[in-house]
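Protein chains in written order, with our numbering: chain H, 1 to 106; chain E, 1001 to 1537.
Just so you know, the hints here were simulated from the structure itself, not pulled from any lab data. There may be inaccurate statements among the hints.
To be verified - Computed far set for chain H versus chain E, every beta-carbon distance over 12 Å:
#, residue
1, LYS60
2, ALA65
3, MET67
4, SER96
5, SER98
6, GLN100
7, PRO101
Said to hold, decoys possible - A few chain H residues facing chain E, derived, Cβ under 7 Å:
#, residue
8, SER26
9, LYS27
10, TYR30
11, GLY66
As the list claims (entries may be wrong) - Heads up, simulated DSSO-like pairs for lysine-lysine below, C-alpha to C-alpha not over 30 Å straight-line:
#, chain 1, residue 1, chain 2, residue 2
12, E, LYS1233, H, LYS33
13, E, LYS1444, H, LYS102
14, E, LYS1066, E, LYS1053
15, E, LYS1335, E, LYS1313
16, E, LYS1332, H, LYS33
17, E, LYS1147, E, LYS1073
18, E, LYS1438, E, LYS1335
19, H, LYS37, E, LYS1313
20, H, LYS37, E, LYS1147
21, H, LYS34, E, LYS1444
Don't be surprised by glycine CBs; every beta carbon is placed ideally from N, CA and C.
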Amino acid sequence: MRNTLKLYVMLAALAVPLVAQSGSESKGKYYFKKSCKSCHVAGAAGGEVTPLVKTQNQWKAYFAAGMHKKGAEKLNSLVKPEQVKDIQAFLTAHASDSPQPKTGGG
Amino acid sequence: MPHPLRIPSPPWMRRTLQTLVGLLALSLTSAFAQQPTAPALSGHGSYLGVHAKQASQQTADHSKFKILQGPFKDGDGSAVTRACLTCHTRAAEQVMATQHWLWRIPEKGLEGYGKSTNLVNNFCISTIGGNTASCARCHAGYGYKDKTFDFTRAENVDCLVCHDTTGDYEKENEGLPNPAVPLADVAQKVGRPSLRNCGVCHFFGGGADATKHGDLDDTILTAPRTEDVHMSKQGAGMYCVDCHVAPSHQVGGPDYVIPADRREQPKYAGEETSRMSCTACHSSMPHDSYILNRHYQKVACQTCHIPAFARGKLGSNLWWDWSTSGRLKDGKPYKEEDANGFEIYNSMHGEMTWGRNVTPTYVWYNGNMKFTRLTDTLPATRPVVLNPTEGSYGDPNAKIWPFKFHEGNQPYDPVLNHLIAPYTAGPAGSGAYWGDWKWEPAIKMGMATAGLPYSGKYDFVRTTMLWPITHMVAPKEDALKCTECHAKKGRLEAVPGFYLIGRDRGTGVDFIGIAVIILTILGVGIHGVIRYLHGRH
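So here's chain H without its partners, still in its complex pose (with noise of 0.2 Å):
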């Protein structure tokens, strides 16, 4: 019994950090298009971007930092960590190297 309650125990530890790092490619699709895409298309304020213009591992750098606006705002404030987490699996899915690059969000 408890074994099995430990085996459990060992088993949530490991999956939640597991879910938490992997955000749904599919719902960063609708965030990404929903917040990001608000000022970053093209004529807008915040120029256009579309996931191919970083490589996976630029995206992956970006997102570690966590920060908006070259540094000067946290990307948590803008949109909800977790939503973050899917827009970034959206991107870096997308992202120039990726097998199926992007150009959008739709």
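Got chain H sorted already, so can you dock chain E onto it with the hints?
Quick look at chain E alone, frame taken from chain H:
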């Protein structure tokens, strides 16, 4: 004896006085007429107020229903549908009888018409060669990934795509909601379909904004009145369903062909209003001029009142060459844009041309079209006309109609002589064209999925299509002037079968006219000569 003061004034003075009095009266009355209300921009006023009223008069506040509080599992659209159906018990049954659900026409004689069957075009070609899951983002249902889809399962009907009022609803592959969509919130705020609900699919026909139709694109949502008098918020502010009325979820529309008896009459028996034609609201005699009203017998309203299509900021696709697709840079697909920002090359699609403010093509059209299916043998003529229109001058139901002319170059089977449904939308390694960039496996797999014969050989064939233009109606001051058509090199230069004043020459009419002039001159001349010779003046 006349009164001393009543000296008769000379006639010119009387006339001037009358004119002045008349002008004064006219300006006074018109000033009074305009004072009480501001002039309506759109003639009949705006529908914006009508829509607001309709929304406020809804008898149910959906946010009060317990069943819509959720929580719904991420992306579980069917759960929402089940909730809707607890009150709207017959709604799914109604939707399942429509083309929005079936993607084919159940009527006799129209077998093979529809996206879920053998219909083919020269944009994305066909859905049934393995592309269903991707194309089903525009299916009014959930889980449509291949031909095993259960068209009788009520909980697979997608209520929200048409009834979302928040703008937060989005569909993904197989028509499933994006898992990030806040389903409960969307479900609690359902309402009557607005421009956006229809537009999420119909503005994006052909795979992207403005691509297919020419008279429908996303710019309509923010259009000035000059782009579309009906749908612009500066104009009448109408929604699609104000004309495409939808009793029992049957949204009014042409269903590929518009039989003559249906065109200007209510679409369904017992339907109280039909606005599927201009005349349903504007009558068949909307002009002050008798001559303009007479044009209606042979000229569709759209011909003069839609001087050009794609009048928004976006270009519509005019040429799509699949044979040039698949070029890669460093093993990767790429895109090229011209100076106008039009995508002139995309590895996925090939070379393309786009146009804004395009003059339509004019054709005699009685509402019937024949569409080419994957099972049809191609005619020997090139280019292949994929949807020949029916009609001629002599046809009492035919009128001169404006169309978007679209040309393509698409794969076909030169041995069996029919068109091909390639498998295009899929990841690398799947055999799909957009994954592996090879036609042979993509076509072979596509035709196998579609369950159609394929000889193993393919080539490309030029095809043309005509798309009727009926939206983007311009303000009346922008309607065509007479000389746009009544001229030698006018818009109707190539429309056959009749004598058009100002265009046609060298016929009997001209001969008679010239003969009359010559005979008159001769008559006067001979008469004069005779009188001169006889010396009598």
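query = Can we confirm that no CB of chain E comes within 12 Å of the CB of SER98 (chain H)?
reply = 10 Å, violated
Take the shortest C-beta to C-beta distance between LYS27 (chain H) and chain E; is it under 7 Å? 4 Å, holds
- Taking the shortest Cβ-to-Cβ distance between SER96 (chain H) and chain E, state whether it exceeds 12 Å. 8 Å, violated
### Message
At 12 Å, judged by beta carbons, does MET67 (chain H) keep clear of chain E as stated?
### Response
MET67 (chain H) clear of chain E: closest Cβ-Cβ about 23 Å, beyond 12 Å.
**Asked** Within 30 Å, alpha carbon to alpha carbon, are LYS34 (chain H) and LYS1444 (chain E)?
**Response** 39 Å, violated
*Should the label of ALA65 (chain H) as a non-interface residue stand, given a Cβ cut-off of 12 Å to chain E?*
Consistent with the label, ALA65 (chain H) stays out of reach of chain E, its closest Cβ about 24 Å off (over 12 Å).
Interface hint for SER26 (chain H), Cβ within 7 Å of any Cβ on chain E
Result: holds, 6 Å to nearest chain E Cβ.
Can the restraint linking LYS1233 (chain E) and LYS33 (chain H) be considered satisfied, given a maximum Cα separation of 30 Å? 25 Å, holds
Requested in this report: Please work out if LYS37 (chain H) and LYS1313 (chain E) have their alpha carbons no farther apart than 30 Å.
Outcome: Since the Cα atoms of LYS37 (chain H) and LYS1313 (chain E) sit roughly 19 Å apart, the hinted pair holds (cutoff 30 Å).
Please verify whether LYS1335 (chain E) and LYS1313 (chain E) have alpha carbons no more than 30 Å apart.
20 Å, holds
### Agreement of hint GLY66 (chain H) with chain E interface, Cβ distance less than 7 Å
Violated - the Cβ of GLY66 (chain H) stays beyond 7 Å from chain E, reaching only about 20 Å at its closest.
- Query: Keeping to a limit of 30 Å between CA atoms, is the pair of LYS37 (chain H) and LYS1147 (chain E) held or broken?
  - Reply: The given pair, whose Cα atoms are some 36 Å apart, is violated under the 30 Å limit.
Violation of the numbered hints given earlier is confined to hints 4, 5, 6, 7, 11, 20, 21; the remaining hints are satisfied by the structure.
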